[in-house]
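Asks: The residues making up each chain are set out below.
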Amino acid sequence: MSHGFLAVAVVVAQFLLLLAMACAIIRMVRGPRAQDRVLALDALYVNAMLLLLSIGIRTGSVLYVEAGLIIALLGFAGTVAFSKFLLRGEVIE
Amino acid sequence: MNHLAGLPPWVAVLVGVLVLLGAGFAFTGSLGLLRLHDFYKRVHAPTLGSTLGTFFMVAASVVCFSAMQGRPVLHVILIGVFLTLTTPITLMLLVRAALYRHRVEDGQQMPPR
Numbered sequence: 000m001s002h003g004f005l006a007v008a009v010v011v012a013q014f015l016l017l018l019a020m021a022c023a024i025i026r027m028v029r030g031p032r033a034q035d036r037v038l039a040l041d042a043l044y045v046n047a048m049l050l051l052l053s054i055g056i057r058t059g060s061v062l063y064v065e066a067g068l069i070i071a072l073l074g075f076a077g078t079v080a081f082s083k084f085l086l087r088g089e090v091i092e
Numbered sequence: 000m001n002h003l004a005g006l007p008p009w010v011a012v013l014v015g016v017l018v019l020l021g022a023g024f025a026f027t028g029s030l031g032l033l034r035l036h037d038f039y040k041r042v043h044a045p046t047l048g049s050t051l052g053t054f055f056m057v058a059a060s061v062v063c064f065s066a067m068q069g070r071p072v073l074h075v076i077l078i079g080v081f082l083t084l085t086t087p088i089t090l091m092l093l094v095r096a097a098l099y100r101h102r103v104e105d106g107q108q109m110p111p112r
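Protein sequences, first through last, are from chains A and B. Using numbering that gives the first Met the number 0, read the first sequence as starting at 0 and increasing by one per residue. Using numbering that gives the first Met the number 0, read the second sequence as starting at 0 and increasing by one per residue.
Since the hints were derived computationally from the structure, they do not count as laboratory data. The structure displayed is predicted, hence computed values, not measured ones. C-beta atoms are modelled at their ideal positions from N, C-alpha and C, and glycine is treated no differently. Keep in mind that the hints are not guaranteed to be accurate.
Stated by the list, open to error - Cβ-Cβ distance ranges computed for the label pairs, FRET-style:
#1 ARG102(B) with PHE4(A): 49 to 55 Å
#2 HIS43(B) with GLU65(A): 28 to 34 Å
#3 GLY30(A) with TRP9(B): 17 to 23 Å
#4 ARG95(B) with ALA6(A): 40 to 46 Å
#5 ILE54(A) with GLY5(B): 28 to 34 Å
#6 LYS83(A) with PHE81(B): 47 to 53 Å
#7 LEU35(B) with GLY3(A): 23 to 29 Å
#8 SER1(A) with PRO87(B): 53 to 59 Å
#9 GLY3(A) with GLU104(B): 22 to 28 Å
#10 VAL16(B) with ARG87(A): 44 to 50 Å
Take these sequences, add in the hints, and give me the full structure.
Replies: Rendered as structure tokens:
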């Protein structure tokens with residue numbers, strides 16, 4: 000009974016996280032400005048990392064945690080680079 | 000999901016509730032990112048996913064792996080610590096960039112430095 004609840008809960012959580020990633024992708028495509036797209040990319044990688052953690056719970060493998068840690072590191076570096084580009088770059092719309 | 004069948008029932012219920020809470024907070028944050036109208040309103044929304052959503056999902060992972068392997072598995076907490084440290088930095092940089100761009104475009108409405 001409780002294990003059935005856990006299986007359903009993990010599947011529902013993964014569906015919710017996919018919907019969250021879809022929301023971020025829609026905001027990234029729509030814009031309307033560059034900072035909105037960078038913010039949406041930030042939300043997208045956080046949601047992808049949460050999805051990796053839930054896959055790790057579902058498959059019982061700790062390896063997904065390392066992948067999530069790498070995504071968090073590289074996503075932070077990417078967002079900082081984009082912000083510095085928006086701050087000092089030549090492209091002003 | 001045979002490996003989850005060895006968990007005690009209360010651990011299974013606890014992990015399920017934590018996973019649902021984390022995913023629900025992350026979804027709420029992304030929905031706010033999609034639905035709010037202004038950049039300065041939108042910039043608050045995804046932090047819900049990167050603080051509370053990450054907290055609950057990390058807690059679920061710690062409880063699940065600790066119960067599965069019979070010893071405390073704590074290195075998942077690194078993800079939570081790292082995101083908690085980096086989220087304010089990225090958002091401060093991003094909002095400073097957005098303010099700079101707004102000032103360059105129309106400097107009349109924006110507050111001075």
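Asks: All hints are to be evaluated individually against the structure, with a verdict given for each.
Replies: Hints versus structure:
no. : hint                               : result
1   : ARG102(B) with PHE4(A): 49 to 55 Å : 53 Å, holds
2   : HIS43(B) with GLU65(A): 28 to 34 Å : 30 Å, holds
3   : GLY30(A) with TRP9(B): 17 to 23 Å  : 47 Å, violated
4   : ARG95(B) with ALA6(A): 40 to 46 Å  : 45 Å, holds
5   : ILE54(A) with GLY5(B): 28 to 34 Å  : 19 Å, violated
6   : LYS83(A) with PHE81(B): 47 to 53 Å : 20 Å, violated
7   : LEU35(B) with GLY3(A): 23 to 29 Å  : 37 Å, violated
8   : SER1(A) with PRO87(B): 53 to 59 Å  : 38 Å, violated
9   : GLY3(A) with GLU104(B): 22 to 28 Å : 56 Å, violated
10  : VAL16(B) with ARG87(A): 44 to 50 Å : 46 Å, holds
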